[in-house]
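The whole structure should be built from the sequences, with the hints applied where relevant.
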Amino acid sequence: MRLGSALWIALAGFGAAVPFFGSTYLMGVVFQVAMWIALAQSWSMLSATTGYLSLGHAVFYGVGAYVCVLLTGIIPFEFAILAAAGSAALFAALIGLPVLRVRGPYFVILTYGLSELVRHVVMRIESALGSFGRMIFDVPAQEVLLWWMVGLAVLATLGAYAIRHSRFGAGLAAIREDEVAAQTIGVPVTRLKLLAFIASAAIPGAVGGLALLRTSYFEPAQAFDPVISFTIVTMALVGGTDSVRGPILGAMGFALLSELLWSTLPQLYMIVLGLTLIVFVLFVPRGLSGLVGRIGGAR
Amino acid sequence: MTLLDIKGVSKRFGGLMALSDVSLQVNKGEIFGLMGANGAGKTTLFSVIAGHIPPTTGEVVFDGKRLAGLSPDRICRLGLCRTFQIVRPFAGLSVAENLRVAALYGRARKLSATEAAQIVDDALDAVGLADRRHLDAGRLTLSGQKRLEIARALATGAQLVMLDEVMAGLNPTEVGTMLDTLRRLRTERDLTFVIVEHVIGALMTLSDRILVLDHGECIAFSTPEEIGRNERVAEVYFG
Amino acid sequence: MDTLLSGQLLFAALVSGSLYALVALGLNLVYGTLRLLNIAHGDLVMIGAYTAFWMFSLFAVPPLVSLVLAAALCALLGWAVYAGLFRRMLAKPDLAKRVEANSLILFYGISVILQNLTALAFSSTSRGYQYLDTVITWQGISMTGNRLLSLGVAATICFGTLLFLRFHLFGWGLRAVIERREAAQVVGVNLNRVQLLTICGGFAVAGMAGVLVSMTEQITPFMGFPFTIVAFVVIIIGGLGNIGAGILAGFCLGLVETFGIALTSPGYRSILIYGLFVGVLMVRPEGIFTKAVRS
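Chains as they are written, first to last, in our numbering: chain A, 23 to 321; chain B, 7 to 245; chain C, 5 to 299.
In case anyone wonders, no lab produced these hints; they're calculated from the structure.
Check before you lean on any hint, since a few could be wrong.
Unchecked claim - Here are some chain C residues the structure puts well away from chain A; computed CB gaps all over 12 Å:
#1 G11
#2 S61
#3 L68
#4 V72
#5 S127
#6 T148
#7 F163
#8 R170
#9 E183
As the list claims (entries may be wrong) - Label pairs and their calculated CB-CB ranges:
#10 L167/C x A243/A: 37 to 45 Å
#11 L141/B x G126/A: 24 to 32 Å
#12 G283/C x G20/B: 23 to 31 Å
#13 G279/C x E241/B: 54 to 62 Å
#14 R91/C x L141/B: 25 to 33 Å
#15 D69/B x R184/C: 37 to 45 Å
#16 I59/B x A184/A: 34 to 42 Å
Predicted, not measured: the structure shown is a model, and the values here were computed from it.
Cβ coordinates follow ideal geometry from the N, Cα and C atoms, glycine included.
Have a look at this one:
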């Protein structure tokens, strides 16, 4: 495990050091990988721990991006990012109670529907305001954005680790296994689920803000794109939900695959993606993390 | 001293009166038995007391506190915990991890990791599951899962434990072991038990007092000897 | 106000409502018996639509004939998916335990493959053909032949299925599986066979819906997902696994949508549909048309 930790620290260090020696292209790849790690790891704080599968995490990403686009130019970008994280968390807190009463497959489609509802409402608001996409000028330097994103990936990973190994995480695991039994032995299920929901929303908000600054263009249909939600879920599940390294491996694996195929053969990439998903569900239920664990002999 | 005071509790499901005007007091340190045929209202009474369903009328007072409107987890932290007739282990977690959650969340006070570990070890020893602590709870035998239910309730630090048919499905040897375990727990840990049981012999030998429910109504409330002589009970049970 | 009361809107509502009912019927069968979140459902509509398009453009085969062809093709696909993937998944306890996550991912994979294979084979350009598109006016209502046909066929399949499930022995077995899986097996329902036939049937229904869609709308390889969503909205309103209520809900959604848009503007269509969806799920996840059953 100590070797493992050292490896992860080296990886994060490499990511942060890329601007000093890497090309713009490499920086772009590292930014993407860090972004997906941060998102998948945040998702796992709720969905891997409690088994409540969210198919709507794009909504937090989108809320973050929207808040950030409204605030840049008014306050320094650092604060805009924090506000993006805060608003996403606040949004989760507001919708959390009614949403988390719904379980199983209903929760999956409810989160998806909610995310789409917000997307269409924002699209409506923007078109009513006569805006068809907003440009942002005066964005921070690319390496600054990269450092922030790597920082978020590290933060999300540490957060997910801390949750899993805490009293909080033990309570969430009990909720995943049997909610009624958990409540009977004193686990405050409603409060814990809500806290996990809020925790898993905050970093995606900040990620949305940063991604916006990088592209310097906001368009609601893109910022709330449901493909983001699907990608998060597939990365986390293919990576493996049993440990924190799962989402990291999943994000890196998919980023690699997409770099190899996406730009040249987008349709082939999607077909390979689909086949990969099927193969993983049927033959590698513990995900990449489980594979690595078996090879390394460690848990 | 009265630990649990149930005052005129009724529960109506649509047109069905699952409990009608049930009153009883459980004393500290007592083993209190609940008898009744299927559908008599025993499990409903448990669910009302533990806060899973609200009573239609009446109230439950535990250790001087009214439980009306409290959620099951709050009630557990006050020191009252139930088990389930159909066992509900956290199947994907190890036996020890099942108990650790109970230790960490079962009481009002936050525990340190070492305190929690101590409680887990105690609870494992109390029901004889120490050698299976690393096994996934879903892989225990039925008898093992029943004991896990009890151990988990113990690990919450509850003063009063309500056991819903913990002996159903066990063979006679296992029932004997379970009886010994419960008696020992009562004396060693100063616990109070309310037990629902279909195994009437076990209930008779174990309980200090017994209440018999029939169609939601209390038809007898007395010591095991007198219950054994009660004609109405005999009628309900043996036709 | 006059337009609201005219039969024109009602006709439009019935046409789209019958189509929604039909698409949702297929999803409801698959969800009810297998508890699988089939998010590839709309892609079967797409396959049906492409079948009808090519048959019509290449061989001038009328859509009514393609109906049978599309149904057979999709049923075959259903068989392949069930026998190849889901029987395997449901047989492994550790996979079946996480059936939501696993079925979601499997169907997402299938959906992505179907869409992109189609795009690779036929390119992503949208296509369409003209069939029975002359306007007929009756009682002041203008309608095209293809819409009338679509309404008739969709309604016939919906009610035919409903009658079949009510009166044929297979329907009893199916309803038993929907309500009590384990109990159904105990009383001698062959779970495996019921599941296989239902998934084939559900897929076939979606394929037929696709044929109807192709008569009136442009088709693309990525047209399916909105149908998946609409189908989910419908069966959420009707109650998952509740076949009859689902058909009713399909027509209701058509009415709400058509009149809702007439009262506001087309820009509110998605907000209306998702709002309804989220509202129903939060307030009554067991559906509007079902009686509340609590254990």
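Now for the hints, and whether the structure bears them out:
{"no.": "1", "hint": "G11", "in the structure": "holds, 30 Å"}
{"no.": "2", "hint": "S61", "in the structure": "holds, 22 Å"}
{"no.": "3", "hint": "L68", "in the structure": "holds, 32 Å"}
{"no.": "4", "hint": "V72", "in the structure": "holds, 28 Å"}
{"no.": "5", "hint": "S127", "in the structure": "violated, 10 Å"}
{"no.": "6", "hint": "T148", "in the structure": "holds, 29 Å"}
{"no.": "7", "hint": "F163", "in the structure": "holds, 27 Å"}
{"no.": "8", "hint": "R170", "in the structure": "holds, 26 Å"}
{"no.": "9", "hint": "E183", "in the structure": "holds, 17 Å"}
{"no.": "10", "hint": "L167/C x A243/A: 37 to 45 Å", "in the structure": "holds, 43 Å"}
{"no.": "11", "hint": "L141/B x G126/A: 24 to 32 Å", "in the structure": "holds, 27 Å"}
{"no.": "12", "hint": "G283/C x G20/B: 23 to 31 Å", "in the structure": "holds, 27 Å"}
{"no.": "13", "hint": "G279/C x E241/B: 54 to 62 Å", "in the structure": "holds, 59 Å"}
{"no.": "14", "hint": "R91/C x L141/B: 25 to 33 Å", "in the structure": "holds, 30 Å"}
{"no.": "15", "hint": "D69/B x R184/C: 37 to 45 Å", "in the structure": "holds, 42 Å"}
{"no.": "16", "hint": "I59/B x A184/A: 34 to 42 Å", "in the structure": "holds, 36 Å"}
In this structure, the one hint that does not hold is number 5.
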